[in-house]
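K.L.:
One letter stands for each residue in the lines below.
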Amino acid sequence: MFSYLNRCSTEFGKEALKSSLLQPDVAAIGQRQKAVKELADKVEFRQKLFAYGSIHEGKKTDLEKLKEWIDSKETLIHKTLYLLLMVFPVVTIGSLVYYLIKTVMQLSVFFYSLFVINLIIAFFVCKRITKQLSVSSSVTKILQSYKEQLQLIEEEKFQSDLLKRYQQKLKDGNQSASQLLKQLASLFDYLETIINLLVSILLNGLFLFIFIFCIAWATGRSNMQPKLMTGFF
Amino acid sequence: MRIYKEFYQKFISKAGQLKKTLNWLSFSRLALFVLFLFLAYRSTQSGSGITISLSVVFLALFFVVVKWYDRLEQKLVFYKTLSKVNEDEARFVETNQSQYDEGRNMKMYNILILTT
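Residue numbers (numbering that gives the first Met the number 0), protein chains in the order written: chain S, 0 to 232; chain R, 0 to 115.
For reference, chain S alone in the conformation it holds in the complex (with noise of 0.2 Å):
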């Protein structure tokens, strides 16, 4: 029976539907119904909401880092911290522009030294976050294609209550599901670019792009964590 059942494209789907099967909410039955008779007619939604989850299939392993990182209250810098740090990076690019116009020698010299303390700086950082980094692997392609199906599902017009009811669910607030979710595959990208040195020399040591990216990265999670946490995981 579950093999004529089950189209779920992720592990959650799966036990979902499992354990709708096991337990069934007797007093729902109706509504899902008139929800299952309304999406036997989309076909095509159907399957590109299979499609886009079965391009990536998550590990089971990467999604439950992905929600303890969710969960943990642990903050990579302070707040005050970041804006005492971020006189550096304003220093080292208004060197940069006066160098540019002036071309005083000493000018590059002082440039080259706040950018090899930015370096240092940042490095420092990377070691702090390299615990982090190891959520990112695979990560970012499964929230992309969670993202388009989130969107798919928020796109269709529905007629049935029940689904009317997760749709609305998934638009509550003031950003949606799907918009949430490409913040946090965005957050998981730059952190990719990070992890590119050639790229990570440049960006650290212009702008300490670190610590712009930790800030960005703690307060996508606190904007993430309630709505995710009820949400899908």
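Read the hints as simulated data drawn from the structure, not as lab findings.
C-beta: ideal position from N, C-alpha, C; glycine also.
Among the clues, some could well be false.
As the list claims (entries may be wrong) - Simulated restraints, written as ranges between beta carbons of each label pair:
(1) Ala26/S to Gln98/R: 29 to 37 Å
(2) Asp70/S to Val56/R: 43 to 51 Å
(3) Gly29/S to Gln98/R: 25 to 33 Å
(4) Val56/R to Ala15/S: 49 to 57 Å
(5) Val25/S to Val76/R: 36 to 44 Å
Let chain S serve as the given structure and place chain R on it in line with the hints.
P.N.:
Only chain R this time, still in chain S's reference frame:
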């Protein structure tokens, strides 16, 4: 059954069209990079402002095309997956052979023991 075959044809043809576009983009990507290298080399020789600016423009265009290519490639994978889904569904209807997870790893063994 008919709907799955129709969808299969539809997504296969969309994937074919995309593949043609991707081939063109792949060629443009290579051409832009070669042009950038050539102009960058010329600018180091001549030091001309126009050649430097042109090489930067070609590098920027190269990155735009790379991004565009990646996006279309993802779309191609999506269409290929959709055609595979329809192929599997048609086979399931025809032969009753399921390509999907049958949930064997989800069996509740405590229930099985009680019933056997």
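K.L.:
Output the numbers, in ascending order, of every earlier hint that fails for this structure.
P.N.:
Hint check: nothing fails, all pass.
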